[in-house]
Each structure stands twice: as C-alpha cells, then as structure tokens.
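Trainee: Chains as they are written, first to last, in our numbering: chain G, 1 to 386; chain U, 1 to 167; chain X, 1 to 101.
Since the hints were made in silico from the structure, they are not lab data. Keep in mind it's a predicted model, so treat the numbers as computed, not measured. The reader is advised that the hints may include incorrect statements.
Claimed, not checked - Sample of chain U residues facing chain X (criterion: CB under 8 Å; computed from the structure):
hint, residue
1, P117
2, L142
3, I155
We put the beta carbon where it would ideally sit given N, CA and C, even for glycine.
Take a look at the letters that make up each chain.
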Amino acid sequence: MEALVPVLIKTLFIILVAVAAFAPVITWVERKQSAVMQDRIGANRADIAGITVLGLLHPVADVIKLLTKEDVVPTGANRALHLMAPLIASIPVIASFGVIPYGGTYHFGDTTVNLVVADLDWGVLYIFAIASIATYGTVIAGWASNNNWSLLGSLRASAQMISYEVTMGLSIVGLFMCFQTLRLTEMGVAQDSTFRILGFLEHFGFVESLGWLSHLTLPTWGILLQPLAFVLFLTCVMAENKRPPFDLPEGESEIIAGYFLEYSGMRFGLFYMSEFIEVVVIAALMTALFLGGWTIPWLSQADIIGGVTPIFGVGVATGLCMLLHVVAFFAKVILMIWLQMQIRWTLPRPRYDQVMDLCWKVMLPLSLANILVTGLVILVLQGVRA
Amino acid sequence: MSAPAVFFYAFGAAAVLSALSMVLHLRNTVAAAMSLVVTMISLAVVYVVLDAHLVAALQIMVYAGAIVVVFLFVVMLLNLRHDVFAQRRERFVKLAGVVLALGAAFAFLQLVPNSLPTVQEIPADFGSYAAVGRALYRDFVLPFEISSLLLLAAIVGAVVLAKRRLS
Amino acid sequence: MEIPLEHVIGLSALLFAIGTVGALTRRNLIVILMSIELMLNAANLAFVGFARAWNSVDGHIFVLMVIVVAAAEVAVGLGIVIALFRNRESVNVEDVSLLRW
Numbered sequence: 001m002e003a004l005v006p007v008l009i010k011t012l013f014i015i016l017v018a019v020a021a022f023a024p025v026i027t028w029v030e031r032k033q034s035a036v037m038q039d040r041i042g043a044n045r046a047d048i049a050g051i052t053v054l055g056l057l058h059p060v061a062d063v064i065k066l067l068t069k070e071d072v073v074p075t076g077a078n079r080a081l082h083l084m085a086p087l088i089a090s091i092p093v094i095a096s097f098g099v100i101p102y103g104g105t106y107h108f109g110d111t112t113v114n115l116v117v118a119d120l121d122w123g124v125l126y127i128f129a130i131a132s133i134a135t136y137g138t139v140i141a142g143w144a145s146n147n148n149w150s151l152l153g154s155l156r157a158s159a160q161m162i163s164y165e166v167t168m169g170l171s172i173v174g175l176f177m178c179f180q181t182l183r184l185t186e187m188g189v190a191q192d193s194t195f196r197i198l199g200f201l202e203h204f205g206f207v208e209s210l211g212w213l214s215h216l217t218l219p220t221w222g223i224l225l226q227p228l229a230f231v232l233f234l235t236c237v238m239a240e241n242k243r244p245p246f247d248l249p250e251g252e253s254e255i256i257a258g259y260f261l262e263y264s265g266m267r268f269g270l271f272y273m274s275e276f277i278e279v280v281v282i283a284a285l286m287t288a289l290f291l292g293g294w295t296i297p298w299l300s301q302a303d304i305i306g307g308v309t310p311i312f313g314v315g316v317a318t319g320l321c322m323l324l325h326v327v328a329f330f331a332k333v334i335l336m337i338w339l340q341m342q343i344r345w346t347l348p349r350p351r352y353d354q355v356m357d358l359c360w361k362v363m364l365p366l367s368l369a370n371i372l373v374t375g376l377v378i379l380v381l382q383g384v385r386a
Numbered sequence: 001m002s003a004p005a006v007f008f009y010a011f012g013a014a015a016v017l018s019a020l021s022m023v024l025h026l027r028n029t030v031a032a033a034m035s036l037v038v039t040m041i042s043l044a045v046v047y048v049v050l051d052a053h054l055v056a057a058l059q060i061m062v063y064a065g066a067i068v069v070v071f072l073f074v075v076m077l078l079n080l081r082h083d084v085f086a087q088r089r090e091r092f093v094k095l096a097g098v099v100l101a102l103g104a105a106f107a108f109l110q111l112v113p114n115s116l117p118t119v120q121e122i123p124a125d126f127g128s129y130a131a132v133g134r135a136l137y138r139d140f141v142l143p144f145e146i147s148s149l150l151l152l153a154a155i156v157g158a159v160v161l162a163k164r165r166l167s
Numbered sequence: 001m002e003i004p005l006e007h008v009i010g011l012s013a014l015l016f017a018i019g020t021v022g023a024l025t026r027r028n029l030i031v032i033l034m035s036i037e038l039m040l041n042a043a044n045l046a047f048v049g050f051a052r053a054w055n056s057v058d059g060h061i062f063v064l065m066v067i068v069v070a071a072a073e074v075a076v077g078l079g080i081v082i083a084l085f086r087n088r089e090s091v092n093v094e095d096v097s098l099l100r101w
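Chain G with its partners taken away, still in its complex shape (with noise of 0.2 Å):
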C-alpha cells in the first residue's frame, strides 16, 4: 500500500502537465504556428475584460464553448454506444503516458525515486496494445450515429489505423535490437552514454588507435542508430493518430466531419482533446525511443552528478541533476510537437488508395529491410570483437 503513494503523485504530475497542461496550449500552438506559416496573425481576440494574452484564452473559450453546447443523440442512433465511444477513444490515450519515463532513477540516501509510473518490463509492447484499443473509439463513433457519412469516415479510419500498427511494430524492432530490451527506462539509460564517431576505424583494425580522433563523439540516441526507424516509425504513428496529412477519416472537405460529425459539445470535446493529447503522447514517446528520452547529450547522469557534488554535496547534486533530466524530457517533447506541427501544416492531404499503398507496399518492406540490415550490423560488429 505504500508503494501507492508515489505512484498516485506520478501520475497526477503526468496528467496535471501533459493532459491539463499541454493539450490545450497545443490547441493555442496548433493555431499560431500555422498562422506563422502561412502569413497571418491567427486568432487573438478572446479576451478577458479587454486583456487578450495573444491568443492563449482561446483555449478557454474553446472549453468553455464546448461544455455548455447541447448534447445532441441523433435519433436511431444507439445511445449507449455513442455514449462510450468518445471515452474509449480518450481513456487509452491517457494510460499510455503510464510507461513513458520523465526522468531517469536518482537516489537519495536509502529512497530511490523512479520518474515513470509503471516501470513494466514490456513498456513498449503495452503502448502498442493501447494503440490497438483506441481503434474501438473510431469504429464505434461511426456506426453508432447512424449516418452514412460518419460510417464512411469510421471504416477508412478503422483500416488505417489497423494496417498502420503493423508497420509501426515492425519499425522498432531494430531500436529492439540496438538497446537489447523493451523497457522505456533501460533505453533511456542505453542513450545516456557516446559513441565515438570514427570508432569502427579501431574496431576493424584498420588503424591502431585514434588518439586525439577518440574526442569526436556522438550520444547514442535511438534517431543515431536507427535514422529509417525513426522515419518510419513517425509516419505510422501520425497516422495512427489521424493527424494531417493522414486525416482522411475526418475529412474535413469530403466527408464534413467523418466518423465526429453527430458529435456535439463535450463528447467531440473528448474526441478534439484525444486527439491533441495523443500529440503529446506521440511527442514523449519519439524522445524517449530516438532522441534521449531525458538524458542532456554528452553529460551523462554520472558526470552531472559527480560535477555538481563536489560545490553542494550528493543530495543537492541529484536533485539538481533530477530539475535538470525533467526539463530536457519536457524540452526534447516540445520540440517534436513543433515538429509534428511543421508537418501537418506543410503536407497536402493524400488519397485514401495512396496511404494505404504507402504502408502496405513502402513501409513495410522498407522495416522488414531495416530490420534485416539492423541484424547484419550487429551481427558483424560482435563477430570481430569475438
């Protein structure tokens, strides 16, 4: 039981900042960043007694819209299922954050405090699980408003996302193979340390040893050692997720709203809000697979620590180190938000028989080749050090 405590603290930390504290901010980005992009100012003029704060209450207003629209069950549709189907596409959405770490392992004296929530030996496995459940959401919010549209948009939805989970297992297996484990925290750990860039040269004999060259390092980040992967594995997860340019379920142009076009009020807002969280889900999980998870580069937790402890002593330097971690977790997801952002802003959108061609006959055979080329490499980099 008092194992509980810690882990209750965690997770209100996860949901007060990524889920309360990010996604609407992101609604705010969504809106300014492509206003940047495209030349204009974007939307500034909710305001409070007169004080806009350029653009930041829309969000509120937005909240506030949504909970105080009517609540509208088309008729012959089903009511509980149009009931369930925003909360099963929002609820898996918020437990992935369970096995993403936000800092690494620090001791402190005899406590050892652990920055995820659940530490689980298959934390990748069971991100993918979750992923294959948030399908349910879309497929029932189609069927259950009894209109042809929204069906379309749920079983393009639907197919989409099945077929793109397959490719987005498949991307990682070679960061599987690289960091020989499945757990979020081990991986961070992995990519707390360099490699030295010129390093083969030594490792094949080809030079007797580097010398001054040993200087020139790179920290061993996922986006490093596996570039295709990481490639790849951002494409299958933007679709999963819908987001542009792979929102042909919603549509927008074609087929109004897709599969959340009988949806009103708070229940879309669950649907807007799954969506945007899910952003920051993918964002903290590409930092944790390929760019570090929360490790700062080339100043590993031992030379943090070991730095600092000589000015302030050990407890001081931990947590000093722990600020440092959590900031450059949060840091490295901003900066795939941005990303995520640029590209949904940039890409047109794709016709349905395109993306399904793309996973099926491009992606797909390009992990499998990953998979088989990441095989090789490591199997001839052991066989010489035998």
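Given chain G's structure and the hints, the job is docking chains U and X onto it.
Mentor: What follows is chains U and X alone, placed relative to chain G:
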C-alpha cells in the same frame, strides 16, 4: 486475499458476464462484438495475474485489437441488424445438449484435479518476452515458420474469397 | 501460485461452455464465429494456467500458435461470410442449409 487474487476473481467474473452478454445480445450484433472485446481484455488481465506478460500483450494487440475490429468491420459493411433464436423444437434439443455438455464438464473437473502433477515454482522472468522468445526461436522454430506460411495462405484465401468478380 | 489451478481451469471450462451455447443456439453466422473465438480464448486460458502451474513456457508457445490459427480462421471465415452475403443477402445459417438432411 492478495491483490493478484482480487484481480483474478474480479476480471474472471467480468469475462464471464461479458461472454454471457455476447451470447445473449439478440438485436445488436455490434454490442455483441463489444462484449467480446471486454471479455478478451478481462482475459488479458487474468493472463497478467498468471505471469503470462507477453501473451497478455499479444492478446490485446492481436485478438482484441485486430481480430474483433475485423468482425466489426464486416458487421458494419454488411449493415447487419436483427437476429432470432432457433425454432422452439430445435432450441430445446440444443439446450438439452448443452446441459449434458456442462454436466460432463463438471464430472470431468471432479475427476481430474486428483491426477494432476503438483504445482511447481517459477523463475523470475517466467512469461517475459525474453523467455518466450528463447523458447520460440530455439525449440519451436519449425512451428513458428509453418505458422507464418499458414498466415500467408489465410491472407491469400481471404482476398480471393472477398474479392468482387469482375466478369 | 496464489490462485488455485482448479479455479483457473473452472473459469476456462465456464467460458468454453458459454461459447458452445452461443455456437449452438445463435442463427447469426458472425455471432457463431465470435462464439468459436470465445472457445479458443477459453482454451488459451487453460494453456496459460497449466504453463504457470508446471513452469513450462511451452504453454505460452501453444497460446501463440492458437492465436495465429484463430486469426487465420477469422480472416477466411469472414471472407466466406462476405461472399455468402453477396449471394443470399443474409447471414442467417438457416438460409444456407441446402445440404442438411
């Protein structure tokens, strides 16, 4: 009762209730499919309690997350609505058969436990992806490869069956 | 093992019985297929229970094979259902009972 036991009995009961809901939902096939999803997720929790972590993850990913989605897909494509129970006479015969099957199952359950081997201790990483992966790729490589051929045959079969004939 | 093996097998038998009832008494072909999936799940639970009791990962391997077979069966079965629906506009099994005695 320890926490794992609470989870087992609670989610076991949930699995049974949602299985009953699936079988008894006459008018709404979509509700039956959603009950099946709840059954599978409850069973996945039971698998976690029984230390089968990889199997639980695969149950949700493959079974609950893909197979039942395909069921829902077909239900929505074909726009299916109502269903009726069998005719009265046949229904009686079938229900009698089911009662006999249940009776046989309980009789079997009375006999079997006395002849089972004793429960053994398990290592710490039992049921993890590492242990199952080792067994799968060392001892069971042939069934693994054959199952991939089976899946290929199923893919080809499903596409051929469901394709529209362009005649 | 905190949960007695008899309870796990009892739950598996109960789910199997419910699946059998569904497969025998329903007329909708899709619900019959879903009941068959429920029976396969009950068998999986039995495998997992026994694997846990006797420290054998082979049980989990079997579960993987069962899941693979279930996926293949669902794909082909639903292909048949779609082809059938195109011909007869119905998924009621009593409409396709031409070869019954």
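Trainee: Does the structure break any of the earlier hints, and which numbers would those be?
Mentor: Going through the list in order, the structure violates hint 2 alone and respects the others.
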